[in-house]
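Each residue of the sequence shown is one higher than the one before, counting from 435 in my numbering.
Please keep in mind that the hints were generated in silico from the structure rather than gathered at the bench. Fair warning: there could be bad hints in the mix.
Said to hold, decoys possible - With a cut-off of at most 25 Å between alpha-carbon atoms, the simulated PhoX-like pairs for lysine-lysine come out as follows: (1) Lys823 <-> Lys704; (2) Lys595 <-> Lys560; (3) Lys961 <-> Lys1105; (4) Lys1105 <-> Lys1072; (5) Lys529 <-> Lys481; (6) Lys891 <-> Lys823; (7) Lys794 <-> Lys823; (8) Lys961 <-> Lys1103; (9) Lys798 <-> Lys704; (10) Lys961 <-> Lys704; (11) Lys604 <-> Lys583; (12) Lys570 <-> Lys595; (13) Lys880 <-> Lys839; (14) Lys570 <-> Lys604; (15) Lys583 <-> Lys525; (16) Lys798 <-> Lys858; (17) Lys858 <-> Lys880.
What the hints assert, rightly or not - Derived CB-CB ranges, DEER-like: (18) Asp1197 <-> Thr885: 23 to 29 Å; (19) Leu701 <-> Val877: 27 to 33 Å; (20) Val897 <-> Pro855: 40 to 46 Å; (21) Lys604 <-> Pro684: 39 to 45 Å; (22) Thr457 <-> Pro1040: 38 to 44 Å; (23) Leu708 <-> Asn895: 24 to 30 Å; (24) Asp1197 <-> Ser918: 45 to 51 Å; (25) Pro855 <-> Gly812: 17 to 23 Å; (26) Gly817 <-> Asn528: 50 to 56 Å; (27) Thr567 <-> Ser674: 30 to 36 Å; (28) Gly725 <-> Thr513: 33 to 39 Å; (29) Asp856 <-> Lys675: 34 to 40 Å; (30) Glu917 <-> Ala1110: 35 to 41 Å.
C-beta atoms are modelled at their ideal positions from N, C-alpha and C, and glycine is treated no differently.
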Amino acid sequence: MNKVLFTFCLIISVPFSSFSQKTSFNTTLLSYVSFGSEDSNDIWGYKDENGIWYAVIGNERNTRVYSLEDPTNPILRHTAPGAQSVWRDIKSYNKHLYVTTDQGTDGLVIIDMTNAPNNISHTYYKPNLTVGTANKNLERCHNLYIDEKGFCYLSGCNISKGGVLIFDLKIDPKAPQYVGAADLNYSHDNFARGDTLYSSEINAGQLGIYDIRDRSNPVFLAGRVTSRSFTHNAWPSTDSKYIFTTDERPNAYVDAYDISDLSNIKLLDKFRPLENEGDGVIPHNTHYFNGYILTSWYTEGLRIVDAHRPDNLIEVAYYDTWNDPTTCHSGFSGCWGAFPFAENNHVYASDINNGLFVVKVDYKRAAYLEGTVKDEIGNPVEGVRILIKSDQVNREFTDAAGVFKTGHAFYGNYTVEAIHPDFKTATATLEFNGGQVTEWNVVLEKPRQQTITFNVKSTDNKVLPAKILITNTSSTVNFDVNESGSGELSLLQNSYTIYVTSWGYVPFVIENYNVESDGNIDIVLTKGYSESFETDNSWEIIASSANMRGIWQRAAPRGTFYLNNVPANPGMDSQDYGTFAFVTENGIPGATCGDVDNGITTLISPNIDLTSYTNPEITFSHWFFTAGGNSPFNDSIKVYITNGETEVLLLNNGNNTQGWETVEKLKLKDKIVLTAEMRVIVEIGDDQSSGHIVEAGFDNFRILDGEVTSSEETILSVLEIIPNPAYDRIQIQHDGKSVNDIMCFNAMGQNIALTSSGNGYYDISMLPKGLYVVKTQNFSGRFVKN
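All chains should be built: construct the whole structure from the sequences, respecting the hints.
Take a look at the structure:
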């Protein structure tokens, strides 16, 4: 058994977690029309007999027709006013546009494009209909589709169950003839081709498929519950073998189904944007075009996915019609609809808040990566992460058969990895080409498992409980050492970063620790309170009201932004070790989505005993932001220290910090009586009625004894450190003899283990550049890492 004694070096490290900003790619904006305060809804395109294309967009109170002789300069040709409504939907047939409205009593709006662009007119069609036992005038419908045979299918109307009503447009386009209904369930949207009707039956949570050879009497053929049981729309592939559906739910997908056998409809794949996965973003409408699916994804904008291989959906283009940094990204804002069927790869998109967009898409084929992962004896390995090291976010895991299918939108040579916590990571460099499948069949090697014993004590030989965080690229392990100061853990042979904390002592890090055999790690911690919040040391969080937002949360900060992309919540960790901090409601983009509202949130440290400290100094970093609202700013972040009887204010900052700011080395004995029952309190709050955006962060906390005597200062150069400055390795000597038991510090109060190879040599290759101080029991020295 190997035994390793680690000494420690305090460092500044700057890893961080950044908010992945959405960036449009493979798309170009040609033109844009704003409608001011009037919201928009769905959109369609139409081509007249002169070859002029039109974008037809529904607004809150109108349907507007724009001609696109010059796609960079849309010209308003006609406005058809109607009931105020959130919902409008448009389709076209035989020189006419048909518009549904789901509020008011417009009925079916029919726009005559026969003499477009100079002479366009409209009428309102409100026939009296009998559907089953119901008899009513047609007043409103949610949606419609018109097939190649000239039949119009209305969904979600005010008659009977709100199923699909079928009309014949061929006899009189201005007075469609009612034919029949598929009225088993409420229909939110529909699509028809040939003699098959696909109804998105949102309340039933299913796609309903009907035989409509006899349109007077549709027959239900099959139903399929979609992945989030809220089927919003559906669009089949050109050959009708596959269909793609959306569920209008937060964090939902576009589903791809094989419908070639209606008795066995199979889910092939699901797609949702990975950049903001888990943020509650909502898909709306998807359309299939030439092997691609184009989806209006509310706050995510227009997402374009290569669906040539429907069992492996890969995003290949994107345009952001909506990027309001102040608004919660999980709601019903942004891109409502997209019409991909115009010429020259032009797409007409509607954005609820921003209006009409004409976008040119550079359709690229995806570059695929597919294969299997097995272990050394040929068994499939499930749950292996397949990672392409690309600028495009990607993620795939093997299934129970060890199979994976993934890809990205870029071509050339890329490094790929197969990652699983129980195996060694497999790596390869592979060539990716558009429209081609690169095959990668992987055999993972399972390393041996070794027993590591952690022994934790203080510099005065007191055994200590500890929290230990052990990480590498494939796994994260949290391990507690109990009051005995000793604990065993089984680890696979691999290289790890080990981070050790014990409240009341300075944490330390062991970088690149190679587990090769059973062994002991003896850890010696120095006295001091220091937190980078990588482990949970039980800071208490209090909210003053049950319904308040923006409560303190320990997390890797994920940025939110206000107007002009001004950061409102930390998008990175402070300049301490690791990635974690305390922030106010970390997560969903949009400065107003999780800011502090309707109360006060308080963060309280565990107990701090300073009775043995001579001159304790407190240091901490904080972030504060406030904006907006309808009253003068009156919010601030406050930091207090209490000794159990008296509470002293250390910081009261109401000014935006524009980043992390550090309060350094406040001498506590000048401010408060030192006791064994001290705590640090961090407080921030906001009255909901003020409308202010309030965000804050707290990190890089430490209380260290700041006493340094003049005699200690004079011996700082007694130890000889060679070379100095140094790059990767140093040797430490005293009076010509090597020194093998050192401690190493800087002002940050953090520790990192250095492995000695004997004869006073220490590996410093992992340290960032900076000044370091090393000490033995009697001597000290300094060196500079370059």
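Are any of the numbered hints broken by this structure? If so, which, sorted upward? Those not satisfied are hints 6, 7, 10, 16, 20, 23, 24, 30.
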